[in-house]
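Chemist: Here's the letter readout for the chains.
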Amino acid sequence: MTEPSGVDPDEGCALVARSAADYLARSDPLARARRWRDRTPGYDREAWRELASLGWPALLIPEADGGLGLGLDSMVAVVRAGAAASLPEPLTEVLAAAQALVHAPTSATRTGLLSRIVAGECIVALAVQDEAGPIDLQRIGTVAVSAGQGAWRVTGRKRFVAGGVGADGYVVHAHADHQPVLFWVPADCPGLEVLAHAQADGRFMADLVFADLVLPPDHLLASGEPALAAAWAAIDTALIGSAAELLGLSQRALDLTLDYLRTRTQFDRPIGAFQALQHRAVDLYIHQRIGESVMRQLLDALRHDPSAELRTRGASRVKARAARSARQITREAIQLHGAIGFTDDCEVGMHVRRALVLGAWLGSELEHRRRYARLAPPIVD
Amino acid sequence: MTEPSGVDPDEGCALVARSAADYLARSDPLARARRWRDRTPGYDREAWRELASLGWPALLIPEADGGLGLGLDSMVAVVRAGAAASLPEPLTEVLAAAQALVHAPTSATRTGLLSRIVAGECIVALAVQDEAGPIDLQRIGTVAVSAGQGAWRVTGRKRFVAGGVGADGYVVHAHADHQPVLFWVPADCPGLEVLAHAQADGRFMADLVFADLVLPPDHLLASGEPALAAAWAAIDTALIGSAAELLGLSQRALDLTLDYLRTRTQFDRPIGAFQALQHRAVDLYIHQRIGESVMRQLLDALRHDPSAELRTRGASRVKARAARSARQITREAIQLHGAIGFTDDCEVGMHVRRALVLGAWLGSELEHRRRYARLAPPIVD
Amino acid sequence: MSPPSPPTIDAPADWEALPLEDFRLRVRTWIEAWCPDEVRYPAGRLRWAQSREWWSRLYRRGWIAPGWPREHGGMGLSPIRQIVMLEELERHGCGRMPDQGITQVGPILLRYGTEAQRSEYLPKTLSGEAIWCQGYSEPNAGSDLASLQTSARLQGDRFVVDGSKIWTTLAMDATHMYLLARTSRGARKQQGISFLLVDMSTPGITVRPIRNIAGDEEFCQVFFDSVEIPRGNLVGRIDEGWSIAKSLLGFERLGIGSPRRPRQAFARLEQVARARGLFGDPAFLDRYTELRMDLEDLSAAYEEFVDQVRRGEPLGADVSLLKIWGTELMQRISELALLAAEDHAALAGEVALEGSSVNVLAPFYSSRPGTIYGGSNEIQRNILATTVLGLPR
Amino acid sequence: MSPPSPPTIDAPADWEALPLEDFRLRVRTWIEAWCPDEVRYPAGRLRWAQSREWWSRLYRRGWIAPGWPREHGGMGLSPIRQIVMLEELERHGCGRMPDQGITQVGPILLRYGTEAQRSEYLPKTLSGEAIWCQGYSEPNAGSDLASLQTSARLQGDRFVVDGSKIWTTLAMDATHMYLLARTSRGARKQQGISFLLVDMSTPGITVRPIRNIAGDEEFCQVFFDSVEIPRGNLVGRIDEGWSIAKSLLGFERLGIGSPRRPRQAFARLEQVARARGLFGDPAFLDRYTELRMDLEDLSAAYEEFVDQVRRGEPLGADVSLLKIWGTELMQRISELALLAAEDHAALAGEVALEGSSVNVLAPFYSSRPGTIYGGSNEIQRNILATTVLGLPR
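So the protein lines, in turn, are chains Y, G, X and E.
Counted from 1, the first sequence has number 468 at position 379 by the working numbering; the numbering is strictly sequential.
Counted from 1, the second sequence has number 332 at position 243 by the working numbering; the numbering is strictly sequential.
Counted from 1, the third sequence has number 326 at position 325 by the working numbering; the numbering is strictly sequential.
Counted from 1, the fourth sequence has number 276 at position 275 by the working numbering; the numbering is strictly sequential.
The shape of chain Y in the complex, shown without the other chains (with noise of 0.2 Å):
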């Protein structure tokens, strides 16, 4: 993990999450994903203008490469509390594909995109998936042969590229010679098809077909083990955020919810009166602070021990928790709210469809416990 050289980390953590929160409090990001859902590509370029102003896509880039060189804490506190307002922008997405940027070798292509997306002008997607189900990075789905030239000529095609549409350009993970190797593939390249997949939550999943794409000779932007290192560092800080937003977002639909038990009365009682509503929500509030403990477990290990292995075991851990807990706690918000809690005016659904999104994506939590169990030593000796 990338360490800040000048400011301490925990400081830069808080400053960060003060401002995303007065940024978020002024800005009704709930307002803006209404607006921009089910319309390409789901978000406001506006806004992530405004985003990159504030830092937030330079959060995890060292300060070397013109970044805020912060640690995943701070990307943590960062998408939670965006989740939570329901913010549109690909805030996870874009930090989760920098990251295969940061840890690709220096290159001219490399030192040029970590400007571009620490300035807000360029937003990038990361494309590993061949198919649904787990990620191989071992799989030839999409393969590049020469064209001469030290140029490339890639074909096939990578799925479920979430913030995809409308990105300015992709690091795809290709086998050439044998190799796993990532290219940077710019979204106005000919021989690029971006097929837009409309997502549960109104944004926008793309599938890449590259129809006899050519790449120049310095898109290739890692091969061999470099570039499988690049590509798990960038999946597993997806990963990570995507834990993050779904501990923010089922926090969030955990507040509705207590707020609208105390308040909404029946039977001449507040509804939260009552007993078996009010285990049902204790239930909910244990699943939540569960998660809420594995998550900061994990950021505090890897403090002190910043390994791709922990990381990656980590990173399975708390995404296959908090999308267990986002799954029950958002599935009874719309119990406990009732018939309201199932229209669209209710911020609920907001939540419950962002949190089927993301429990899908990359892996749903049933897929993170198996890969859990093989990658994590046996617990008691």
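The hints are simulated quantities; they were obtained by calculation from the structure and are not laboratory data.
Glycine residues also receive a C-beta, built at the ideal position from the N, C-alpha and C atoms.
Take these hints with a grain of salt, some might be off.
Facing chain X, from chain E, some residues (calculated, C-beta under 10 Å) [unchecked claim]:
hint	residue
1	Pro283
2	Ala284
3	Phe285
4	Leu286
5	Asp287
6	Arg288
Following the hints, complete the assembly by docking chains G, X and E onto the known chain Y.
Modeler: Relative to chain Y, chains G, X and E alone:
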């Protein structure tokens, strides 16, 4: 299934159910169960003779063999009522083992055994398992070879023989000449060792160890397909019987719990007035009702189509359901009783422990769901 | 596609005279021949525009009102034959039409209506000229329906209605509403409620569709601003509408507890699992089989209540157990379908899944209202606890 | 086996002066050297006869009362070091001794006792001469503890106690009891309760062990028939015992929520699964991993509360969430162990399982009281709902 020749089956079932209720009401089987638990054989041989005088072991034995020739409905009614009353005698066990004899080809051994069973002079147990886990009659664990002059020499071991301690003999599944066979093995046969294992409910299971045990020719009850058919008839009867017991004991545990909820007061109210407990009680009631419906549907279906296929599939279905319901109900019965529910004095514990045993006997709910999935055609066209 | 209009068939004068299985076969054959494709396996409730043709065919056949007496244009079927009819419609995947006039208003007018009300409303309800919606729930009277506040003040020969109703299914398609309104305040809040018939074109009525979480508009809020309703539209006696509304329970509740809807969700789960190749995954199979057996066992319980109807016995409050088990099962099925769909579960609408096209989220969304509407499952549990289990209030 | 008695070790005068990890290592090494095998991984609570030797070793080492001040014979440890001590005992599998004198009576006497009470009881509590049991619950005061009825009438210089206490853990081993009894009736039922110390050998006391569902006798009912107790055995002020009893909550509740007990059950599950060869079964692995992660995630939450203690902050009511999650998780673990054991789950006691010997049912039984005692999980949920979530009472 056997069909009665003279008496109307519904009529017969109703008569038997009434006499069972009478007997159970006056004979305090619960006290007997407490008296005999943890003491071999775990039940009262005197009481067994009384049950026989009521015709219970004869229920499923054809009239031609001296039995009552009633259907599974009658068995279900009686063992269900018996389980609700904590009857400790091995009724399901004997009824099931006798089914193996009923389905075996006619022989003097068969005739003699059936008449002794009807008379209450012979307690017989079924020995079909070589080890824990799914029952597999193709597995060759117990082997018989010729001992000359038609006699058989048996070696091997059978496990988890419910009702096997104190029995007068066993219907034993073995392999001879690469064929499945069923033997009659009297308890006093030299070379037979009966190892007693204490069950959670205070009764006993046996392991049978055959050390060069020699059986005369007429102790071979069946071989080949008829042996398999007879063994499966017995196993299915045991499963349906155990499901009926589970339903009986879970109904009783539920009734005790509802009574407790109505009468126990805390915080100046009957605890049954607390909504969270009400809702949990309702969930138990629903589990119980679903279980009853599955049993009723199975018995109805078998009246119209008494095929082995339907019986085997239905046996797994009803065992899985009844075990599931009884698990939920007995566990919650402890919790809803509070500390008193954890004491030995409280009747609930009898049902909790019996449910542990029946839940595991001849396959858990999980195993029977898997078996059902293998046996049953898909649900949706 | 079937031809535009079915021929007239000589029907036996008395459907009850046919043996039950013959009756079932006749119904099945006719449905298969004449049911238009557009009403089969819809994603949600059918709108009136989608239903019109099928309604009209059933009407001309004389089959639009299975439960009504024959002298009023119904089929005069006994409850069990009504169930057979429902089962055959379900079997063919026929969606639910805006049928509350048939299932609710007709029976109420037959029991409580005046001769004038019957002759005015029954024929046009049959023909589809009058499409009814239900005006019961209010923003502050959901689970606690009896606390409803929409008022109907009697002024001369008219009631003047003010207030609003909510969660009114497809009110935008309806020509009429049957309405519960408060005509006075009694000691108990169930008193003082009256049952009124309302023409939706009356001035002062505004219908606002409510978009739901899935993006559809099935429900509406209906506003009443000094809406004048002729006194003759009062059904039964004034202030005694609550017992009229309650009289429809029982047989209705059996319908809510039918395994039909969870079975549809289950079919969707199977479709997803097949496309994803999950039937070779033992862990998936365990989960799948558990749900499958929960569904089949729901059917066993449902059949038992149907038998009770068959024997002519009234249904007790215990029938609610079907609704609880069935609606919650449908939610559990929809959750497994999401897991089975993996990444596809993030996508809205129809999704291309290894060759087939599936709306993965549809069962998830459509399983939500079931636990809330028709008396929420919390209310059902309260009822079962006190009336069936005899726990203290 | 370790030698019969540990040597005397020169201890640093102040345990707090050692760096935390050094402290942990010292504790660990000593426990490993001196803890007798018979107190490790017991099936249930340790009886006094089993505990005596271990108690005595800890006492001689000066480690029997980690939380007591050093001037009273304790170690004077801060809360976080007490937790380290507990963790190391757990790690080594040390069973819980009859330690209520140390954890409950000592702190109460130090805060509310008189000088005479302290000098009489503290030394013999440390040495194990006085073994304490708790007399709080009554047959009609379980969840609703404040409704207790056992009476203590002040007559001259004595209280005369009548009534009975129940669910008294290991009362048959105890020499003394700390008792809540009613000395008067106030407007609120929490008023009028007093906190008394009782010598169990006083005439009129009868102890009846209660056999539990597993066949063990851990709990007792204790009957009081005109039992005379010196007035000097009153702790704190008369009628104000409720607040004394309540003052022990907080840190105690963290102990109840520790992952120790579910972790023991989980170890049993693993033992069964290994013997049954289930780690190759994908369906089992899914279930196993879910529980495993629920357990690890409980540890994450527990650590957070421990950190709170480490920072010297008081624990809030939210700590109850650990108890709810942990005790219910332990039950879920025990259910999977039953399924994993297949037919063996029918058998009582130690079962031979492919070479190893396992008591398959032990986790099932021992997971039951956790959701009932120490404030049932229902009560805990009530408390969380109203005090933490701010839901209306």
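Chemist: Each hint: holds or not?
Modeler: Against the structure, the hints:
| no. | hint | verdict |
| --- | --- | --- |
| 1 | Pro283 | 5 Å, holds |
| 2 | Ala284 | 4 Å, holds |
| 3 | Phe285 | 9 Å, holds |
| 4 | Leu286 | 7 Å, holds |
| 5 | Asp287 | 4 Å, holds |
| 6 | Arg288 | 8 Å, holds |
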